[in-house]
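Asker: From just these sequences and the hints, can you work out the full model?
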Amino acid sequence: MKTISNNLFVACKYELFAGEQEERQLVEQATAEKPMAYIHGMGLMLEAFEKKMQNLKVGDKFDFELSPEEAYGMTNKEYIIDLPKKIFQNDKEEFDAENVFPGNTLPMNDSEGNMLVGKVVEVKDDVVVMDFNHPLANNYLHFVGEVLEVREATAEDNAQFFNNHGGCSCGCGDEHESSCGCGEEGGSCGGGCGGGCSCGC
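Take the sequence shown: its letters are residues 162 to 362, numbered as in this note's numbering.
To be clear, the hints were calculated from the coordinates, so they are not data collected in a lab.
You may find that some hints are simply not true.
[Said to hold, decoys possible] Straight line, CA to CA, 25 Å or less: simulated DSS-like cross-link-like pairs of lysine-lysine:
{"hint": "1", "residue 1": "K163", "residue 2": "K212"}
{"hint": "2", "residue 1": "K218", "residue 2": "K163"}
{"hint": "3", "residue 1": "K222", "residue 2": "K174"}
{"hint": "4", "residue 1": "K285", "residue 2": "K238"}
{"hint": "5", "residue 1": "K222", "residue 2": "K195"}
{"hint": "6", "residue 1": "K163", "residue 2": "K213"}
{"hint": "7", "residue 1": "K195", "residue 2": "K213"}
{"hint": "8", "residue 1": "K247", "residue 2": "K285"}
{"hint": "9", "residue 1": "K174", "residue 2": "K218"}
{"hint": "10", "residue 1": "K212", "residue 2": "K195"}
{"hint": "11", "residue 1": "K213", "residue 2": "K174"}
{"hint": "12", "residue 1": "K163", "residue 2": "K195"}
{"hint": "13", "residue 1": "K285", "residue 2": "K246"}
[As the list claims (entries may be wrong)] Have a look at the derived ranges for each label pair, beta carbon to beta carbon:
{"hint": "14", "residue 1": "G180", "residue 2": "K247", "range": "31 to 41 Å"}
{"hint": "15", "residue 1": "M162", "residue 2": "E254", "range": "57 to 67 Å"}
{"hint": "16", "residue 1": "E184", "residue 2": "G274", "range": "36 to 46 Å"}
{"hint": "17", "residue 1": "D318", "residue 2": "E194", "range": "11 to 21 Å"}
{"hint": "18", "residue 1": "K238", "residue 2": "K195", "range": "34 to 44 Å"}
{"hint": "19", "residue 1": "E313", "residue 2": "G180", "range": "32 to 42 Å"}
{"hint": "20", "residue 1": "E226", "residue 2": "E255", "range": "41 to 51 Å"}
All values derive from a computational prediction rather than experimental measurement.
By construction, the Cβ of each residue, glycine as well, lies at the ideal position given by its N, Cα and C atoms.
Answerer: Okay, structure coming up:
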């Protein structure tokens, strides 16, 4: 029976609890019907997550916690910025108040075309305050689950993961991607602001 190692396809079910200090809330769940899948060792997951999963096999259960430093770090004030209100326009070239409001998350592009997801902190007269820290910054991540599948990755697997690289809070992508539910279609990425604003960062 294969154990989890680099370049192998891995599927698992789990519950992810996140929170600061001792408080934990269920923030994500991957089921046996809709498992979370990835290719181990390809940088799709948090490094600390992969270290915990290394050498597990099908049927093994896991229960571990990642510190903020091992996960998405602490809140960085440099990622909280003021952006001109004029860039948040709808098709009528009016301010997109329907989508740009405190607490909502928006997909945006930086000056190099990289996708970022930010949360609206405040809407002022001339600027919108955006927070581009990962939604789970400052949080301890507690994973409880079971390994469902471990096998050689196929060409189709590689094409799927590297052509449709989404952002899962369990570790897919970089620190600016959002916490889409793994195994769900769409998750919380991509909605609002006409499908993406350019922040010019």
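Asker: Does each hint fit the structure? Answer for all of them.
Answerer: Comparing the hints with the structure gives:
This hinted pair checks out: K163 and K212 have alpha carbons roughly 16 Å apart, not beyond 25 Å. Between K218 and K163, the direct Cα distance comes to roughly 6 Å. Compliance with the 25 Å bound is thereby established for this hinted pair. The straight-line distance between the Cα atoms of K222 and K174 is roughly 10 Å, inside the 25 Å bound, and the hint therefore holds. Taken as a hint, the K285 and K238 pair is honoured in the structure, with Cα atoms around 18 Å apart against an allowance of 25 Å.
The hinted pair formed by K222 and K195 meets the criterion: a straight-line CA distance of about 17 Å does not exceed 25 Å. Restraint check for K163 and K213: satisfied, since their Cα atoms lie roughly 16 Å apart, inside the 25 Å limit. Under the criterion of a C-alpha separation no larger than 25 Å, the hint pairing K195 with K213 is consistent with the structure, at around 21 Å. Pair hint K247 plus K285 holds up; C-alpha atoms about 12 Å apart against a cutoff of 25 Å.
Under the criterion of a C-alpha separation no larger than 25 Å, the hint pairing K174 with K218 is consistent with the structure, at around 13 Å. Only pairs whose Cα atoms come within 25 Å are accepted, and K212 paired with K195 is accepted, the gap being roughly 23 Å. Among the hinted pairs, K213 with K174 is consistent with the structure: their alpha-carbon atoms are about 15 Å apart, no more than 25 Å. Taking the CA atoms of K163 and K195, the gap is about 22 Å. The hint holds against a cut of 25 Å.
This hinted pair checks out: K285 and K246 have alpha carbons roughly 8 Å apart, not beyond 25 Å. Checked against the hint of 31 to 41 Å, the C-beta distance between G180 and K247 comes to roughly 37 Å, which is consistent with it. For M162 and E254, the Cβ-Cβ distance of about 60 Å falls inside the hinted range of 57 to 67 Å, so the restraint holds. Between E184 and G274 the C-beta distance comes to about 38 Å, which sits within the given range of 36 to 46 Å.
Restraint check, D318 to E194: a C-beta distance of roughly 19 Å satisfies the suggested window 11 to 21 Å. For K238 and K195, the Cβ-Cβ distance of about 37 Å falls inside the hinted range of 34 to 44 Å, so the restraint holds. For the hinted restraint 32 to 42 Å between E313 and G180, the CB-CB distance of approximately 37 Å keeps it satisfied. Separated by about 46 Å at the C-beta atoms, E226 and E255 satisfy the suggested range of 41 to 51 Å.
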